[in-house]
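Colleague: Sequence:
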Amino acid sequence: MNYYNITQDYSDRLFAQEPKGQDISFPDRINLPKFWIKKISISGETGISDIDKGIVSSGAINDITSNQKIINKPTEIKLSGGTLKKQNYNLEIVLNYLGNFPEEIFQFSVSGISLNNQSLKENRLLPSTIDKGIMNVKTVLSRKNRIISGNLNIQTEQLAFQFAIMPENQINEIVQNIFKDLRKIDIDCQFRFDNERLKLRMSSNLDEVFSVKLKSVFGEEVKKGRDEIEKQVRRRLEPERQKLISFYNEKRQELESKLKDLEELINNNLLLIENQIREFEGRIESEKKKGIDKLKEKILDKLKGVIKK
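For the sequence shown, the working numbering assigns the number 59 to the initial residue and increments by one for each residue that follows.
Hint data in this document are derived by calculation from the structure and do not stem from the laboratory.
Any given hint could turn out to be false.
Subject to a maximum C-alpha distance of 27 Å in a straight line, what follows is the list of computed DSSO-like cross-link-like pairs (lysine-lysine) [to be verified]: (1) K97 - K143; (2) K111 - K97; (3) K111 - K144.
Go ahead and model the full structure; you've got the sequences and the hints to work with.
Modeller: This is the structure:
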């Protein structure tokens with residue numbers, strides 16, 4: 059009773075004066091799209107047993123709605139999966155209708171695709187079988203308004219080829235050798251479709267591989283041809299060379315013989331000249347001695363005359 063009395067007392071004080079009213083406005087409706095699934099989770103397997111599960115995948119779909127502008131989000135789909143053989147898959151889709159023009163983007167990639175023992179169509183130039191290899195593929199496709207564009211990229215690695223047909227000529231042999239040494243292929247393709255006009259551009263590392271290999275092969279062939287030409291020239295010129303060497307040796311011997319005779323003649327003449335010089339010097343000394351003796355006699359005769367006087 060005590061609690062009741064206390065409550066009654068406070069109640070009388072609180073409602074002694076009539077409280078003022080307050081208007082609260084509520085919207086007629088909440089601004090939401092008519093249809094909106096925020097998220098759907100997906101998972102599954104394509105296999106038929108726990109041992110062979112096939113492709114195990116999972117992902118989500120976000121914001122499926124009748125009006126994206128109300129939630130201000132595009133619709134997105136993302137799925138990924140893989141197999142026990144290490145093949146991986148990835149799919150991404152974006153549906154964007156927020157702008158003035160709708161835009162849709164599709165991306166799909168696969169990695170780890172085995173090319174082992176993959177048969178190809180028989181060709182005299184190209185290989186008939188891929189013994190082993192791994193391929194990765196990635197593609198992007200987009201559409202905005204009326205413009206469709208995309209990209210396709212294919213990468214292969216760890217390649218090894220076999221040929222069913224033996225090369226019949228040098229060209230076939232060169233091409234087969236290029237493929238035997240080829241370990242990686244990268245192909246990229248881009249396209250754009252606008253106003254009923256298709257633009258396509260493709261690039262590959264095969265251009266560079268073939269260019270480098272052909273330059274190397276033709277360089278070797280040029281060297282072989284040059285060596286063969288030099289060999290033939292030497293073979294044709296060898297007899298003339300031997301004749302020239304023989305002629306040279308013969309003339310050298312004749313020249314050496316003549317030079318020896320000339321040298322002996324010169325030495326003999328030099329000896330004769332030296333003898334004549336010695337003889338001439340002897341005569342000079344003899345004449346000098348005779349002149350000195352006569353001078354002495356004249357001096358003595360004069361001295362004798364002076365002494366007698």
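Colleague: Indicate, hint by hint, whether the structure satisfies it.
Modeller: Hints, one by one, checked against the model:
Proposed proximity of K97 and K143 is contradicted: the alpha carbons are some 31 Å apart, above 27 Å. Our distance criterion of 27 Å between C-alpha atoms is met by K111 and K97, whose separation comes to about 26 Å. The hinted pair formed by K111 and K144 meets the criterion: a straight-line CA distance of about 13 Å does not exceed 27 Å.
Figure legend: structure checked against the earlier numbered hints; the only hint not met is number 1.
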